[in-house]
Structures are given as structure tokens and as C-alpha cells.
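A.B. asks: Chains as they are written, first to last, in the numbering used here: chain A, 1 to 96; chain B, 1001 to 1244.
Calculated directly from the structure, the hints in this document are not laboratory data. Please note that a few of the clues may not be correct.
[Claimed, not checked] No more than 20 Å apart at the CA atoms, straight line, and that leaves these computed lysine to aspartate or glutamate pairs for EDC-like:
1. A:Lys71 with A:Glu39
2. B:Lys1175 with A:Glu87
3. B:Lys1161 with B:Glu1180
4. B:Lys1031 with B:Asp1058
5. B:Lys1195 with A:Glu86
6. A:Lys83 with B:Asp1106
7. A:Lys63 with A:Glu36
8. A:Lys6 with B:Asp1106
9. A:Lys19 with A:Asp41
10. B:Lys1107 with A:Asp43
11. A:Lys71 with B:Asp1106
12. B:Lys1107 with A:Asp74
13. A:Lys83 with B:Glu1180
14. B:Lys1195 with A:Glu87
15. B:Lys1107 with B:Asp1207
16. A:Lys19 with B:Asp1124
17. A:Lys83 with B:Asp1203
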Amino acid sequence: MIIQLKKFGVTLTSRQLGKEALSAFTSSLPGIGEREIIEVDFDGVNTFSPSWGDEFLTPLVKKFGARFILKQSDNPSVVATLKLLEEVNGYRLNII
Amino acid sequence: MQNKELITINQTSQILGVSIDTLRRWDKSGKLPAIRLKISGHRYYDRNLLAELMPRLDIYKLVLKWASGKTAVEPLTDFYCPNSSIFQARLSRFETELIKSGVLQDKFSLLTSVTGEIGNNAYDHNLGNWPDIPGVFFIYNINNRQVAIADRGQGVLTTLKKVRPDLINDQDALKMAFTEIISGRAPESRGNGLKFVRRIVIDNKYDLLFKSGQAELRINKKSNGLSIVKAKIPINGCLALIKF
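For reference, chain A alone in the conformation it holds in the complex (with noise of 0.2 Å):
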């Protein structure tokens, strides 16, 4: 599964918007399959901040664990987002 996350806006920086998000998302969970891989697609996406990250992202890493896949993306406030999710939550994302 591909999640595309511009199609939950172009500005994503907001922990309410963040939560609303993957509020949105874990609706469509229960058809996911158990060793599916579950792909995050930042293409199309302007800015991205430390705080939809974290109530987005982090939840799905612990969840899926190593299924959990976020496509590289060039997008400077994506990568600098990504970077501190890892120092502040303590895990590795799986960034390919």
C-alpha cells in the first residue's frame, strides 16, 4: 500500500491536522494485509514540520515496524523533519 500524503494537503504542519490525518488513515487499515508493506509517498507534498510528522509517522512506525517503508524525498523540510523524528523519538526510519 502507497500512502500519497498530499492528498491530506500541501502544507502539512499542524499536530491537530497531523492526528486528523491518521485518524483518516487507520480507517482504511483493517484491509491491510498482515505482511503487506506499507509505502509513504512525500511527492507532491510543499512543507512538512516536526509536528504532523510525529502524529502522523510515528504511530505507523511502531505499528508496522519494519513494513513500514518512507519513499526519499528531496523536499528539504522533509528531510529535516524526518532527522528529528529520529533523534527525539529514538527509532531508525526505514528511508529507501
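Based on these hints, arrange chain B on the given structure of chain A.
C.D. replies: Below, chain B alone, put in the same frame as chain A:
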């Protein structure tokens, strides 16, 4: 004239934080022309003209006067975000204008992200607890490469004390907010957004002035990293000025 939204000279004085005498001088010089109604002869101001002028003034002074004033005055609608939805919409517009201007090229996203973190913090930490007026005063001038955000909330010390009760002053609170990773999440979802702000500001050589309570933090070429001093003008909430 009927299509113009007129504001009295007293309201204009409060919104701009300048005296009525200054407004009279600005009227004479043409900096901010007043409109005189035929019946009363009193000076009024066109709201749209005010909205055009404000970003060209000293935006730091504007937000500081608003944030430090004893009485809460609602900022001009164009720059006032009473709730996070309005802030989000204005932030998107800021992002669009940054992209169009091309001043930061592909780094526009970093400034938008940092501005979003600072602005959203105000709502995350003050919801239901605003001491007087809710929301933030958000103003920028891309040509002058400045953005300012202020709120009249509880400030960093009060909100950080919920997760670090041992904190005793504003300077320590600012230092912690900008430098230490806060892992304790209860009783509120305390983010690490200001660490992100510090990193982006340093890496991209922006200037940051951040005030809260009696403390004032600066990150710029002269500060050699991060400098925190006692503020000459204290504010209850938070204020940030970024020069990019």
C-alpha cells in the same frame, strides 16, 4: 467611499500602536491618508489601506506593542488568526507567496515549516487557557525578508512547567525549549518543534528573536549559537521575529 470599511482614528491608533498625533502627521505627509466624513469632519481610515501599510512598517514593533500591551486589542483581521484553521490558511498563503517570490528557492519549505511550528505551538499549548485574546498575530514582509508571530497566551514557562515542574524562570524555560529533547509527553503532547526551529535557523543563517515572559532568546551571527538574556520589555505569551 461606501465600499470602504472605515476605522476610527482611536481604533487605528490602537491597531498600529502609534499616537493620534503620529497619525495626524502621517495623514499630512501622505504616509497614511485619512478620510474625513463630510458631516462630522472626523478622521477615519480605510481598513484596506491599513492592511497594505502594516507589513511595510516595523513589524517587530507592531507585534511587540500588541503582545506587551496591558489591554488586549484585536489585531487587524488580515493579520489576526483567532484559531488554528485560520492560521493554517494564512500559512498556506505565506508558503505560496514565498514560492512565487523565489527568494528562498527550494528552501521555502524550511521557513514555512519553522513558521508553522511556532504558530501552531500557540494553539497547542493555550487551547482553553488563553488569558485574554485567543490566537496569534501573524505578519510578514517577504521583500524585507521578515516574518513575525506573537500570541498573548501563557508563555513557555507556564506550559513547560506541566512536564518539568522544577523549572523556575523564563530564561531556563526558553533554554530547555530550544535545546533539550523532552520525552515526557503527559499530561500534554509537548513537542520538540523549537529544537527544529533552532536547527533550521542556525543551518540557514536566519536571525531569530524569540521572547517569552521575561526572557529573550537570540540566534544570529553575533550570538555565537544561542543567547538568552532578560528582556527589557516582558510579554506574557510568545513572540518570534525571523529574518531570513
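A.B. asks: Go through the numbered hints given earlier and state which of them the structure violates, listing their numbers in rising order.
C.D. replies: none
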